[in-house]
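Q: With chain W fixed as given, assemble chain X onto it according to the hints.
Protein chains in written order, with UniProt numbering: chain W, 1 to 428; chain X, 1 to 428.
Nothing false has been slipped in among the hints.
Interface residues of chain W toward chain X, partial, derived using beta-carbon atoms under 8 Å:
(1) N151
(2) G217
(3) T278
(4) V297
(5) R299
(6) P301
(7) S310
(8) Q330
Calculated directly from the structure, the hints in this document are not laboratory data. We treat Cβ as the ideally placed atom computed from N, Cα and C, and that holds for glycine.
Each chain is listed here by its residues.
2 protein chains.
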Amino acid sequence: MTDPLRLGIAGLGTVGTGVVRIIRQKAKLLEARAGRPVTISAVSARSKGKDRGVSLGDYAWEDDPVALAQRDDVDVFVELVGGDEGPAKDAVEAAIAAGKDVVTANKALLAHHGHALALAAEEAGRVIRFEAAVAGGIPVVKALTEGLAGNDMTRVMGVMNGTCNYILTRMQSAGLAYDEVFQEASDLGYLEADPQLDVGGIDAAHKLALLASIAFGTQVDFGAVEMEGIGAITIEDIHHAADMGYRIKLLGVAQMTGRGLEQRMTPCLVPSGSPLGTLEGGTNMVVLEGDNVEQVVLRGPGAGMGPTASAVMSDVMDIARGFRLPTFGQPATTLERAQPAAAGTPAPYYLRMSLVDKPGALAKVATALGEAGISIDRMRQYDHAGPDAPVLIVTHKTGRAELARALDAIPGLGVVTGDPIALRIENI
Amino acid sequence: MTDPLRLGIAGLGTVGTGVVRIIRQKAKLLEARAGRPVTISAVSARSKGKDRGVSLGDYAWEDDPVALAQRDDVDVFVELVGGDEGPAKDAVEAAIAAGKDVVTANKALLAHHGHALALAAEEAGRVIRFEAAVAGGIPVVKALTEGLAGNDMTRVMGVMNGTCNYILTRMQSAGLAYDEVFQEASDLGYLEADPQLDVGGIDAAHKLALLASIAFGTQVDFGAVEMEGIGAITIEDIHHAADMGYRIKLLGVAQMTGRGLEQRMTPCLVPSGSPLGTLEGGTNMVVLEGDNVEQVVLRGPGAGMGPTASAVMSDVMDIARGFRLPTFGQPATTLERAQPAAAGTPAPYYLRMSLVDKPGALAKVATALGEAGISIDRMRQYDHAGPDAPVLIVTHKTGRAELARALDAIPGLGVVTGDPIALRIENI
Chain W
1 MTDPLRLGIA GLGTVGTGVV RIIRQKAKLL EARAGRPVTI SAVSARSKGK DRGVSLGDYA
61 WEDDPVALAQ RDDVDVFVEL VGGDEGPAKD AVEAAIAAGK DVVTANKALL AHHGHALALA
121 AEEAGRVIRF EAAVAGGIPV VKALTEGLAG NDMTRVMGVM NGTCNYILTR MQSAGLAYDE
181 VFQEASDLGY LEADPQLDVG GIDAAHKLAL LASIAFGTQV DFGAVEMEGI GAITIEDIHH
241 AADMGYRIKL LGVAQMTGRG LEQRMTPCLV PSGSPLGTLE GGTNMVVLEG DNVEQVVLRG
301 PGAGMGPTAS AVMSDVMDIA RGFRLPTFGQ PATTLERAQP AAAGTPAPYY LRMSLVDKPG
361 ALAKVATALG EAGISIDRMR QYDHAGPDAP VLIVTHKTGR AELARALDAI PGLGVVTGDP
421 IALRIENI
Chain X
1 MTDPLRLGIA GLGTVGTGVV RIIRQKAKLL EARAGRPVTI SAVSARSKGK DRGVSLGDYA
61 WEDDPVALAQ RDDVDVFVEL VGGDEGPAKD AVEAAIAAGK DVVTANKALL AHHGHALALA
121 AEEAGRVIRF EAAVAGGIPV VKALTEGLAG NDMTRVMGVM NGTCNYILTR MQSAGLAYDE
181 VFQEASDLGY LEADPQLDVG GIDAAHKLAL LASIAFGTQV DFGAVEMEGI GAITIEDIHH
241 AADMGYRIKL LGVAQMTGRG LEQRMTPCLV PSGSPLGTLE GGTNMVVLEG DNVEQVVLRG
301 PGAGMGPTAS AVMSDVMDIA RGFRLPTFGQ PATTLERAQP AAAGTPAPYY LRMSLVDKPG
361 ALAKVATALG EAGISIDRMR QYDHAGPDAP VLIVTHKTGR AELARALDAI PGLGVVTGDP
421 IALRIENI
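Okay, chain W solo, but in the shape it has when bound (with noise of 0.2 Å):
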């Protein structure tokens, strides 16, 4: 197999550049490790005049993705349009009807139509790869579906949306309030044109639907995702968590319990020492665990020209080199519809209450965890200068159920002002 692999490429940001520019600055070096040349045929993007910064002199151009991906010189389309709708979806169907192979980054597309698509894939003898849809330049996808694969996973972790992280991390080392560092994530172009689709933690819940899914042999849910965003944390939960050992994280679990597939994606707090906790910035940490592997953890940028290229890339090689491997690891009909189960996984969680500052209030509110079956591990009450005293909690180990009685009965005590604030606690 000495022939060129030739690539559509539909979408020029930065990615789809970085991609180019890879290409030709690497040829031979790509050739060497391939074993066949990795070519161009033609590319796709909404504007054509635009500069930018690589030749695309030598490339056939097309204006509509789905005349790309139907090129008779094409062998493989590589989807950078974006979007779970419109012109990607249409032009990855035609590209497998078609009869070519795919490379995506597209995260949306893959958590909302996956399984439609890998069906569809797998009956015309296609693959659909999408390395560069997960935590950048990460190889995680590579490394559960083909370096774990003499595992029976039992967790999938991970801090994958580096905008929350970079927001999170920050408001604690500059002592700026969420919205403060919203607007500087904002002005730094590190938002996404809906900006719900990071910090309401979708962006994020789209990569670990498609970690779950090859990690247990599932279809892709993402409607089964339970998903919180980071917009209700104050920069005094950061402060506090801190001063509790912690650090606040907007992470992702997936794991298969009794009840069913448990994935949730909500701001979670972990050991300020443990990987997950000091990691910094717009990075990522994906954690994988199985039942012969222990534990692996995989840390690197989540985003950005060079790594999301170098995942679309890695795809690339797959296929130049001839390795097949259906979308999701194993044949799409033999993935499980998994039973989705709320997080029952009993937890510590960090309570935080503004309590009123009169005798008893904070005998009520023990109270009212004592009879609502939990446990405290730590309390701490702050100094005040306001009406109200900040108190934190750390409980032991607490069901959901136990924890929802308790949340419910608070405010109806008379001595807490709004409604307490519950995070999660990873000890991992």
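A: Frame of chain W; chain X shown alone:
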């Protein structure tokens, strides 16, 4: 391709037994993932009668691994015998000559004979895979050769001998001397039969030489690895380094420089809070740096039945899936002979010496350093009960030649007892 992939496993120690166990327990899962059954035809080990806690009755037995490698009912020869000469080498050569693929965990064999074996295998159209030879359960060979195939690698680093890291971190946590912890490790069975393989840095240097080859497309050149063990590290060094904000690690570094390929496996100081600095016990960590991906860090168990068997299975599953890759990521005939370069990149150094307690002693040392062209970043002199005062110096970036000049000059000053200790600092 739905015929079973049939293994012959030579060596039934911890890892071999682990592989047998996985194949027996996960037959259905492995078949779903590989698209074909993975079976064992025959096994071989030194003692047939030994109880290994796993049933071997279904498999043919061969006393001679060479005979096992040549069996008609074996597609893949799994070499878990060990050793760079003798039965392991004979059997791998026999397997290749008989047209079998090879999976091995044998870093010594490949560090010494990897290039010749790769040439022979490729001539015969066979593959040799060695994920389990480097960093236990961490899928680092796969990450480098496949996940980062779109990068020119710039540097590879790693803590890859769990026993050394156990000894160094245990010395620190328990405040024990090297000899005491060495004895503990020996009693716990953590040491190789020849402990120099571990504490002399040889085992870790084998691994580094393999990573360097796949990272830089060069012929494996174990002889060119600059190597220093951990036997000279004292508990005082560990405490003093901690006091300056560092941890001591047996750290491997391979980088392509303008002068050639630098490969070293030596004790280094790394910042306490860095990913490498926080690595405790037998855990391994590999840092991969490429021009596009920037930096990816992989962390996981470096040894043990489950993790190492998991790595063997990664290779077995790749072969079962039809993924065929040259041993070192590109055809052995295209691997270049790297010019070996001494570790000449300037770096800060940690120096420790025992100063005679007389006026002007420290000034003489400082002057000697200055005359050698070395500038001092930080210096500490400690309280002392005996006649000599421990003095620690952290230098600014210094070349090897300057350092050698200073280390030559200092003993002749008449103010220092014994030879000064110098350890490189890697600020990563």
